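Chain by chain, the residues run as shown.
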Amino acid sequence: MFTERLTGDKSLNQDFEALSVSKRLVRSVSQKLRKKNNQGRFEEEDDVKGISLRCLTLYSRGAGCKVGADTGEEFGDPSSRRRSSASDEGKGYKLICGTDETGVDCFSYGVKEIFWKKHNRKDFELEESIRNSRMHIFLPDDILEMCLLRLPLTSLMTARLVCKKWRHLTTTPRFLQMRREGSHQNPWLFLFGAVKDGYCSGEIHVLDVFLEQWHRMDANILKGRFMFSVASIQDDIYIVGGCSSLTNFGKVDRSSFKTHKGVIMFSPLTKSWRKVAPMKYARSMPILGISEVGSDFSVGQSLQIRQDRRPRTRVGGVSDVYEDPHRLSLRRQNRNTIEENEASLLPNRKSYKFVRTRSDLVGTKGGKRFVLIAVGGHGSWDEPLDSGEIYDSLTNKWTEIQRLPVDVGIICSGVVCNRVFYVYSETDKLAGYDIEKGFWIRVQTTPFPPRVHEYHPKLVSCNGRLLMLSVSWCEGDGQIGRRNKAVRKLWELDLFYLTWTEVSVHPDAPMDWNAVFMSDRNLIFGIEMFKIFGQVLDFLTVCDVSDDGMNWSHISRNHVTHEFDASSCMTKSMAVLHL
Amino acid sequence: MELGYAGGVIDVPRTDRRIMSTMVEWCKKHTDEAATSDELKDWDVEFVMDMDQVFLSHLMLAADYLDGTELVDLLEQKVANMIKGKN
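Note that the protein sequences, when read in sequence, are chains A and B. Quick note, the first sequence lines up with residues 1 to 579 if you use the working numbering. Quick note, the second sequence lines up with residues 580 to 666 if you use the working numbering.
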């Protein structure tokens, strides 16, 4: 911590020199502009969307960073500034907005982190108070760092724009790591698949759960793509598969479409998109499972299914294992056969070694290694698929995994829990893919209570617990005239005894058969969208499983879907990130 | 209690009487066994309510010097709230 402080000071000194030149230039221009802007700003604060946030950045002098920094200097007209800034200050300085309408132009360090547009009234008031106070206090870096650590994401993004020092303090890996570990993060929900006027808009609607604020992002890369699946891990979201119309470009078109193999990675913090390796099979709405793995994980074990070209006999041969996962002797036998196969696949072994030496190249962001599994979905001719593949972030490759056991059927939901990818089928069968060992196990549980057939159950996993949301008929409470009604309930599977227990009842009547439920640590988020009385409504709920009561509460109602088409209900998907 | 006075004199540089007395007041309140944690929380909120930034910074420096981690945490949270735009 102290060495960092020293180097921070050194770089600060360099900054002083760099900045002092620009300040002289700026002062004269800013004087003129300030009078004009002062008036404009106070009157038009609501129009200045996002600008006032950026203008917050200006209140820092070159001379280090003060809590309660003063200067209300505004950097003026960028056209005159741009030339000087480029030469004097070198890299890292980028001008962002040139909003000629208001005449206020900001000078901001670093553009990449800006990804939100909403105007925040509270920040505006801060701006005023900063301007009023004039003081010169130097807080030591470590204390300042601890203060910045406690900021929620939107304030953190603002803080990064204040000055170079704050930006540096808040972007070190150590800071980000501390922020992650110290429970200073909050959940963010990303809603995909909005369809407007028949077009797949490529919009992503983001809910900051903590502040209950919605933001909107445009993702051109997703325009025209529908029926894809999303999965989130660490700070990224992966968009897998999907369809695009062949004839009516951009529209949801189930008559003539092509199915994608492609996978795209989205990082909301940097608002960047990256293509990762495509799948082997094109899939729409595949069931995804994502999980971190240790560095000793090997995909090689799943290669044994390469020989698996006659699935029925193979599956029949080891059906004992599938029937009863607790027959350890059989499992061991199976594992031995896998190892033998590995040994015989010499070319594959070589490639495995090759991969290991390259491991330091991958994971440039410092993220942990993870795997993404895609099973099922529908293929290029809309046929249901029973194949599965696994993606390894280390090798950036997809490898086919064992096909689902034949009797399981079409998968409607899946989630990873304790390094096992559980999937639930439309015929109420539960299977698990052991990620480490690389094979499927049929999980025999106590019989599941009858459910409403059209509503496919959704699996979620929280803190090592496996839960499921399912809609079933609830008997009326005995009073005359009270009919049976459909109720969505939350069940938990005891992973040892394999029994289902009802743990909670969802407060909303189930109107959306494609309701999406995602979990984030101890919270389960749910979104239901349906068309009623001529408009599409959205309901977001959350449940804390660490609570004794496991009660559901509403976090947002009818905020985003005003302009959505009814087909959005079918195409929607959601991801949760802790940011 | 975090601030372990061993009975000797600790020289705290760059503080004045006001700051020291405020800090002692905080320490006294927090070592008072009669106060419940809820009471303490409310008292803390009151404590930082009207502090201006200069005072806040000085107090934080002093608390940090003396390793009064609880007080430092409280003040850090206050600063974070100020950055956020709340009071």
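If you are wondering where the hints come from, they were derived from the structure by calculation, not from laboratory data. Since this is a predicted model, take the numbers as computed values, not measurements. Each hint should be verified, as a subset may be incorrect.
[What the hints assert, rightly or not] Residues from chain B that face chain A, not an exhaustive set, calculated with beta carbons under 10 angstroms:
| no. | residue |
| --- | --- |
| 1 | E612 |
| 2 | A613 |
| 3 | A614 |
| 4 | T615 |
| 5 | E618 |
| 6 | L619 |
| 7 | L640 |
| 8 | L645 |
| 9 | V651 |
| 10 | E655 |
| 11 | Q656 |
| 12 | K657 |
| 13 | V658 |
| 14 | N660 |
| 15 | M661 |
| 16 | K663 |
Built from N, CA and C at the ideal position, the CB exists for glycine as well.
Which of the stated hints cannot be reconciled with the structure, identified by number in ascending sequence? 1, 2, 3, 4, 5, 6 and 8
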